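Trainee: Two chains, two frames, a set of hints: combine them into the complex.
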Amino acid sequence: MCLGVPGKITEIYEVDGLRMGKVDFDGIKKEACLMYVPEVEVGDYTVIHVGFALTKLDEEAAQETLAIFREMGTLEEELGLENL
Amino acid sequence: MIDKALAIASYPNVIFCSFGDMLRVPGSNKDLFQVKSEGGDVRIVYSPLDSLKIAQQNPDCEVVFFGIGFETTAPANAMAIVQANKLGLTNFSMLVSHVLVPPAISAIMESPLNRVQAFLAAGHVCSVMGYWQYEPLAKKYNIPIVVTGFEPLDILEGIRLTVIQLETGKSHVENAYSRAVNSEGNKHAQAIIREVFTVGHRAWRGIGEIPNSGFKLHANYQAYDAETKFDVHDIQTQESPLCHSGEVLQGLIKPNECPAFGKECTPRNPLGATMVSNEGACAAYHRYGRF
Numbered sequence: 094m095c096l097g098v099p100g101k102i103t104e105i106y107e108v109d110g111l112r113m114g115k116v117d118f119d120g121i122k123k124e125a126c127l128m129y130v131p132e133v134e135v136g137d138y139t140v141i142h143v144g145f146a147l148t149k150l151d152e153e154a155a156q157e158t159l160a161i162f163r164e165m166g167t168l169e170e171e172l173g174l175e176n177l
Numbered sequence: 101m102i103d104k105a106l107a108i109a110s111y112p113n114v115i116f117c118s119f120g121d122m123l124r125v126p127g128s129n130k131d132l133f134q135v136k137s138e139g140g141d142v143r144i145v146y147s148p149l150d151s152l153k154i155a156q157q158n159p160d161c162e163v164v165f166f167g168i169g170f171e172t173t174a175p176a177n178a179m180a181i182v183q184a185n186k187l188g189l190t191n192f193s194m195l196v197s198h199v200l201v202p203p204a205i206s207a208i209m210e211s212p213l214n215r216v217q218a219f220l221a222a223g224h225v226c227s228v229m230g231y232w233q234y235e236p237l238a239k240k241y242n243i244p245i246v247v248t249g250f251e252p253l254d255i256l257e258g259i260r261l262t263v264i265q266l267e268t269g270k271s272h273v274e275n276a277y278s279r280a281v282n283s284e285g286n287k288h289a290q291a292i293i294r295e296v297f298t299v300g301h302r303a304w305r306g307i308g309e310i311p312n313s314g315f316k317l318h319a320n321y322q323a324y325d326a327e328t329k330f331d332v333h334d335i336q337t338q339e340s341p342l343c344h345s346g347e348v349l350q351g352l353i354k355p356n357e358c359p360a361f362g363k364e365c366t367p368r369n370p371l372g373a374t375m376v377s378n379e380g381a382c383a384a385y386h387r388y389g390r391f
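Chains A and B supply the protein sequences, listed in that same order.
Start counting at 1 in the first sequence, then tack on 93, and there's your number in the working numbering.
Start counting at 1 in the second sequence, then tack on 100, and there's your number in the working numbering.
Chain B on its own, in the form it takes in the complex (with noise of 0.2 Å):
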């Protein structure tokens, strides 16, 4: 997906707007950072509806954000389609590349090696789609999963719970976010969010494709998909063979146990996702190791 970002980025009209986090992030020969450094007009923005207003002020640019993340970033990029359409937008597209919680927990949890006995849900990914969908899952494969703030406290507290339900023999949902979730989730959110997409198969860094664990704009927005516009659903990324990110994300090493941990790869110099924002599970050991 990023070198799908990169050579869109790299087109002389086009103003290629992202969350700062993915500029770093490395495509085949380098990044969105580079593409700005050879000229590129490409924009840090810190909401979607920013790049709507940079659409709005430059009529005759084709304007295009990276629409990428997990449940919680949803709602805000599907907001973003459902008002561009609204205002009649024809300058704007997004490049889709949304990720999804539970089915990701289902490959860790089929694949032979897995070796992950508990979860820690996300507590803002539940903020948005609540915890409902979580049930059947620490039923299916027998685990406890604990629905987590985001707080060094909150981190703590899901630990003891997760322990203590294994200890206990247990394996159920449990809520220690409650300040902010609940069961049903955001149904605001949740209603936007199934206008503007449905679910898609979806290629998942250093794992590879998992079925029906990605969003792909909806059939009726089909005229915002920058992939279409741009032509270039054929592009492929190629990953370091360096990095060991995919198995750091299943739980099979430990980021320093990767052979081009702070070497290659440094969050100055990311080679896989997970050392490139700081609550990137690489970058967290990169950054808090020596302690």
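Just chain A, with the same shape it has in the complex (with noise of 0.2 Å):
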């Protein structure tokens, strides 16, 4: 939960009012809140917690991030999937 996963937007949309977005994590995709990064668009790498964009980062520096998550196999744990 504490560590926040790098991932690519690949939509975004509104849903009641809140500027959302899919960000694909690695192959995972799921839903993250844009409301605190209004600069990133489609194609984009931000940081994400909890089911919030943090920052935008340079897609070298999200590859490299996942690849280590890859590594440790700890991204599912990340996502917060092997709770669901």
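Hints were generated in silico from the structure; no laboratory data involved.
Everything numeric in this text was worked out from a predicted model, so none of it was measured.
Cβ coordinates follow ideal geometry from the N, Cα and C atoms, glycine included.
Each hint should be verified, as a subset may be incorrect.
With a straight-line Cα cutoff of 20 Å, these simulated SDA-like cross-link-like pairs (lysine to any residue) come out [to be verified]:
#1 A:K149 with B:Y385
#2 A:K149 with B:S278
#3 B:K186 with A:G110
#4 B:K186 with A:E132
#5 A:K123 with B:K363
#6 A:K115 with B:Q134
#7 A:K123 with B:N242
#8 B:K287 with A:K123
#9 A:K149 with B:S283
#10 B:K287 with A:K115
#11 B:K363 with B:Y385
#12 B:K153 with A:K149
#13 B:K153 with A:E124
What follows is a list of derived Cβ distance ranges for each label pair [as the list claims (entries may be wrong)]:
#14 A:G110 with B:N320: 17 to 23 Å
#15 A:I121 with B:S278: 23 to 29 Å
#16 A:E153 with B:H333: 15 to 21 Å
Mentor: Dropping the structure here:
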């Protein structure tokens, strides 16, 4: 929960007045709130914490991080999927 | 705080939503998993916004979200409150237990027993709040503070920069996580945090109360305060006397120096917060200590 996972924004839309997006985490797609990163567009990478994008990342940095999550085998856990 | 959560989650008409990590945090007699096994409606959510959806789908139930964490989760929890207000949800409230890093650094440094010589400032806390708040701390306590990412190489780089500062007698704030952090932090997130929360005293597990070390709901959002709604202000949590997590958190002992480590206290049956989630110091020692 505490580490934060980088993902690629594949879609941006609005729900109940909130700017939301679909974010692809190395093949796993989840919804995230984009209200705190108004500058991001489809194709950008961002770090997601508890369903909220907090910062924009460049693609190279995001790919490195995802590779490490893969290596550690903790991607599902960080996305809260193992608990569902 | 955990006993307040247990009391609220045990109410018959309550759906209690929490991040998964919190279900194993022990209260005085039990944890949220036990409340769930006894029939309590305890649900794990990924985002606080998920609990708003649950509130909309269950208008006859009271939905309570356990709003915990450091500065990283505060923007998400604050947005859930703003959105609940916008949607006019009256069956939603939040049990707020937010903690802040800079006052904890001060508390550690001012302890007469302090052994800490430097800090790695958590990168994602800084991605929200920036790192300007750490400059006066580095100066006042004469300690290096290095903003550090969370990957293995980031941590090593943070330690390397810290050691260089210590070896050369320097004590300033350095940013080793510039790909995600700048000095000001995320202004949009800070604005919502300021609207929804105010700074207040907070009791830390294993340490006790630290002045001005947490967020409470702002007066304008009191209608969403679960502590008031369920009248649990006076409930206290009795922590295990076997647990030395407070000393671990202050750098006074290593996790494996606690007499309960690996015996009464394991990741499956934790006594303190540091054994609960994977990134906790005790859980990490338990998992990797044999290497």
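Trainee: Now tell me if each hint is right for this structure.
Mentor: Cross-check of the supplied hints:
Under the criterion of a C-alpha separation no larger than 20 Å, the hint pairing K149 of chain A with Y385 of chain B is inconsistent with the structure, at around 32 Å. As the CA atoms of K149 of chain A and S278 of chain B are separated by approximately 11 Å, the hinted pair is consistent with the 20 Å bound. Restraint check for K186 of chain B and G110 of chain A: the C-alpha separation of about 9 Å stays at or below 20 Å, so the hint holds. Between K186 of chain B and E132 of chain A the CA atoms are separated by roughly 24 Å; this puts the pair beyond 20 Å, and the hint is violated.
For the given pair, K123 of chain A sits about 39 Å from K363 of chain B by alpha-carbon distance, which is inconsistent with the 20 Å threshold. Distance check on the hinted pair: K115 of chain A and Q134 of chain B sit about 34 Å apart at the alpha-carbon level, beyond 20 Å; violated. The hinted pair formed by K123 of chain A and N242 of chain B fails the criterion: a straight-line CA distance of about 44 Å is larger than 20 Å. Using a Cα cut-off of 20 Å, the hinted pair K287 of chain B and K123 of chain A is violated, with the two alpha carbons roughly 25 Å apart.
For the hint linking K149 of chain A to S283 of chain B, the alpha-carbon distance of about 15 Å falls within 20 Å, and the restraint holds. Between K287 of chain B and K115 of chain A the alpha-carbon distance is near 23 Å, which puts this suggested pair outside the 20 Å criterion. Of the pairs offered as hints, the one joining K363 of chain B and Y385 of chain B holds, with about 13 Å between alpha carbons and a cut-off of 20 Å not exceeded. As the CA atoms of K153 of chain B and K149 of chain A are separated by approximately 27 Å, the hinted pair breaks the 20 Å bound.
Pair hint K153 of chain B plus E124 of chain A holds up; C-alpha atoms about 13 Å apart against a cutoff of 20 Å. With their beta carbons about 19 Å apart, G110 of chain A and N320 of chain B fall inside the hinted range of 17 to 23 Å. A C-beta distance of roughly 28 Å is found between I121 of chain A and S278 of chain B, which places it inside the suggested range of 23 to 29 Å. Taking the beta carbon of each, E153 of chain A and H333 of chain B are about 50 Å apart, not inside 15 to 21 Å as hinted.
In summary, the numbered hints that this structure violates are 1, 4, 5, 6, 7, 8, 10, 12, 16.
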